[in-house]
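Undergrad: The residues making up each chain are set out below.
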Amino acid sequence: MHNTADFYHVLRIDQTSNSLREEIKEHCHTDIEMCLECGKCSGGCSNAHIFDITPRKIIQLIKIGEEAKLLKMDALWSCVACQLCVDRCPSSINIPKIMDYMREKAYKQCVPATRPNVELFHELMLGSIKQYGRVAEALMTVQFNIKSKQYTKDAEMGIKMFFKGKLNPLPSRIKNVQQVRRMFRNIPAQREG
Amino acid sequence: MNVAYFPGCSLHGLAKEYGISVEVVCKHLGINLNEIEDWNCCGATAAHSLNHELTISLSARNLAIARDMKMNKVLAPCAGCFSRLKGASYELRNNSVLAAEVGEIIQAEPPVEPEVSNLLQFIMEDQGLNAVAEKTIKPLQGLKLAAYYGCLLTRPKDVVQFDDPEQPISMDLILQAMGADTVVWAHKAECCGGGYAASDTDIVLDLSGQVLESAQQAGADAIVVACPMCGVNLDSRQEAIAAKKGKKYDLPIIYLTQLMGIAFGYSPAQLGLKRLLTSPFPLLQSKGLA
Ligand code: SF4
Ligand code: SF4
Numbered sequence: 001m002h003n004t005a006d007f008y009h010v011l012r013i014d015q016t017s018n019s020l021r022e023e024i025k026e027h028c029h030t031d032i033e034m035c036l037e038c039g040k041c042s043g044g045c046s047n048a049h050i051f052d053i054t055p056r057k058i059i060q061l062i063k064i065g066e067e068a069k070l071l072k073m074d075a076l077w078s079c080v081a082c083q084l085c086v087d088r089c090p091s092s093i094n095i096p097k098i099m100d101y102m103r104e105k106a107y108k109q110c111v112p113a114t115r116p117n118v119e120l121f122h123e124l125m126l127g128s129i130k131q132y133g134r135v136a137e138a139l140m141t142v143q144f145n146i147k148s149k150q151y152t153k154d155a156e157m158g159i160k161m162f163f164k165g166k167l168n169p170l171p172s173r174i175k176n177v178q179q180v181r182r183m184f185r186n187i188p189a190q191r192e193g
Numbered sequence: 194m195n196v197a198y199f200p201g202c203s204l205h206g207l208a209k210e211y212g213i214s215v216e217v218v219c220k221h222l223g224i225n226l227n228e229i230e231d232w233n234c235c236g237a238t239a240a241h242s243l244n245h246e247l248t249i250s251l252s253a254r255n256l257a258i259a260r261d262m263k264m265n266k267v268l269a270p271c272a273g274c275f276s277r278l279k280g281a282s283y284e285l286r287n288n289s290v291l292a293a294e295v296g297e298i299i300q301a302e303p304p305v306e307p308e309v310s311n312l313l314q315f316i317m318e319d320q321g322l323n324a325v326a327e328k329t330i331k332p333l334q335g336l337k338l339a340a341y342y343g344c345l346l347t348r349p350k351d352v353v354q355f356d357d358p359e360q361p362i363s364m365d366l367i368l369q370a371m372g373a374d375t376v377v378w379a380h381k382a383e384c385c386g387g388g389y390a391a392s393d394t395d396i397v398l399d400l401s402g403q404v405l406e407s408a409q410q411a412g413a414d415a416i417v418v419a420c421p422m423c424g425v426n427l428d429s430r431q432e433a434i435a436a437k438k439g440k441k442y443d444l445p446i447i448y449l450t451q452l453m454g455i456a457f458g459y460s461p462a463q464l465g466l467k468r469l470l471t472s473p474f475p476l477l478q479s480k481g482l483a
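Chains as they are written, first to last, in this note's numbering: chain A, 1 to 193; chain B, 194 to 483.
Isolated chain A (complex conformation) (with noise of 0.2 Å):
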C-alpha cells in the first residue's frame, strides 16, 4: 500500500522561502500577496494553451520559492507579452514584468533557453542595435537562418519582400552609433561567463 504521505507533499509555509517575493516586490514594483489565486490571469492569456506553467500557478510557485523550476519554464520563451493577464487582474500583479524579470535572471545565469531560436533572434537583434543602431533585417533573418541551421527558412517570403521594397539588403547606420554602443557598455550586470 502507498503511504498517502508520497502522494502529498504538503508544503509547510515555515519550508518556504520568501527572498524570490521580496525580490520580485523590489524589482517589479508588484506584490504577490496579493494574489487572490482567481485564475482571470491564466483565462486571459494569449498562450495559456502552449505554456508548461501557467500564469496563476507562476505566481504561486513564486510564493512557495521554487525559483528553479521558474528559470527553466518554457513560458518564459513564449509568452507573447500581450499584457492581457496584468490588465485582467484584479489586484494589478504584473505578470509579463515577473516575466522579463525572470527571463533577464535566466539569460544572466546562462541556464539554457527552452526555445533557443527565440534566444538566438533576440540576441541577434541586440547585437544589430549595437552595431548599427537600428535593425539590420535582411542582414539579420540571413544570419538568424545560418545560425538556426534553417538554411531555407522564409526565403520564399524573403524574396517576395524584397520585391515589394520592403527588404533593404543594405543595413543603415546611424550617425552617433558610438553613443549607443557606449550605452551598452554602460549597464550594469551583464550576462556571466
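Hints were generated in silico from the structure; no laboratory data involved.
For every residue, glycine included, the Cβ atom is placed at its ideal position computed from N, Cα and C.
Watch out, some of these pointers could steer you wrong.
Pair by pair, the computed Cβ-Cβ distance ranges are [as the list claims (entries may be wrong)]:
hint, chain 1, residue 1, chain 2, residue 2, range
1, A, Q190, B, K331, 52 to 58 Å
2, A, R191, B, A436, 46 to 52 Å
3, A, R191, B, Q354, 43 to 49 Å
4, A, Y151, B, E406, 39 to 45 Å
5, B, Q354, A, E26, 38 to 44 Å
Which chain A residues stay away from chain B? Per the calculated CB distances, all over 12 Å, these [claimed, not checked]:
hint, residue
6, S17
7, K72
8, P112
9, V177
Knowing the structure of chain A, use the given hints to seat chain B with the ligands on it.
TA: The following block gives chain B with the ligands in isolation, referenced to the frame of chain A:
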C-alpha cells in the same frame, strides 16, 4: 501642428507602406512630422526580453533627442515602438532610482517631458473625428471592415491610458467617420504573435490564424491595422495559415492610414497599396475606391 515623429525600423522596412501613408495623411491634416534626428531602434521584443535597463535606455535616448528638439509630443505609429517609448516614459516618471541609473547610461538628463502617442490616440485626441469626416471626399461606402487593435495600442491600461484595453472603439469610430462599416468581432484586441514571426513561426500561425478566422466569421471584407507587426504577420503568414487549415481567407490587411488616404482623395500608388501581399485591389475596385 508640430510633433516629433518616431518611424522606427519597420516603417522604413517591412511596413514601408505604413510609413508612406502616415506621411501623406499627416501632411494632409496639416501636421508637421519632425523625425527624431538620428533615432535608434527601440529595442523591440529583444531588449525587453533580455535586458530591462537597456530597453529603457534605448527609448530614453530617443526621448531625450525629441526633448532637445523642443517637442512636447512624440508620434510613434508602430505599436511596438509606441509601447517601448511610452513604457519607458512611464517608468522614468514614476521610478526615480531607475531614472537616475538611465541618466548615467545615456549620459544625459533623463527625459520625462515629451508625451508619447500612438496613431489612434493622436487622431482621436489631437485631431478629432470631425477633422477626419470633413476631409473625407471619397467615402468608404460599402466596405465592411474589421478594426484590429492587437495588444499594444491599448495595453497595459495603466501605462497607455487610452480607449478600452480589451473592447477598444477608437479605430472603429475613425473608420465610421469615413463612411465605412465595422464589424463586431471577438478578436479585435487579441495578440497576433507579435515578435515571434521569425523566431517561432508556429506561435504566429496559431495566434494570427485565430484572428483571421474570427474576422472572416464576422463577415469582414478586410482587416484594418495600425501596427506593422500585426500587418506583416496577418498579411505575410496568411497563405501558410490558409494552407494549414485547408481554407481560403483572401482578407486584405490594410493600414488605417492607407484607407484614410483613399478617403482623402489620394491614389493607391501614393499610398503604397501595391506593396501589400494580399491584394486589396479587387475589393477596392468593387466599391469604386481604386
Ligand atoms: S489574475 Fe491576479 S489575482 Fe487572479 S490568480 Fe492571476 S495573479 Fe492572482
Ligand atoms: S503577457 Fe504573457 S503571460 Fe500575460 S497573458 Fe500575455 S502571453 Fe500570457
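Undergrad: The hint says 43 to 49 Å between A/R191 and B/Q354; measuring C-beta to C-beta, is that right?
TA: violated (35 Å)
Undergrad: Is the distance from the Cβ of A/Q190 to the Cβ of B/K331 consistent with 52 to 58 Å?
TA: With Cβ atoms ~54 Å apart, the hint holds.
Undergrad: Are A/R191 and B/A436 spaced within 46 to 52 Å by their CB atoms?
TA: violated (39 Å)
Undergrad: Far enough from chain B: is every CB of that chain over 12 Å from the CB of A/P112?
TA: At about 14 Å from chain B, A/P112 clears the 12 Å cut-off, so the statement holds.
Undergrad: Could you check that no beta carbon of chain B comes within 12 Å of the beta carbon of A/K72?
TA: holds (16 Å)
Undergrad: Quick one: work out the minimum CB distance from A/V177 to chain B and report holds if it exceeds 12 Å, violated otherwise.
TA: violated (8 Å)
Undergrad: Is A/S17 truly not at the interface, in the sense that its beta carbon sits beyond 12 Å from all beta carbons of chain B?
TA: holds (23 Å)
Undergrad: State, for the Cβ atoms of A/Y151 and B/E406, whether the hinted interval 39 to 45 Å holds or is violated.
TA: violated (32 Å)
Undergrad: Range first: 38 to 44 Å. Now tell me if the beta carbons of B/Q354 and A/E26 are that far apart.
TA: This hint is violated: roughly 25 Å between Cβ atoms.
The structure shown violates the earlier hints numbered 2, 3, 4, 5 and 9.
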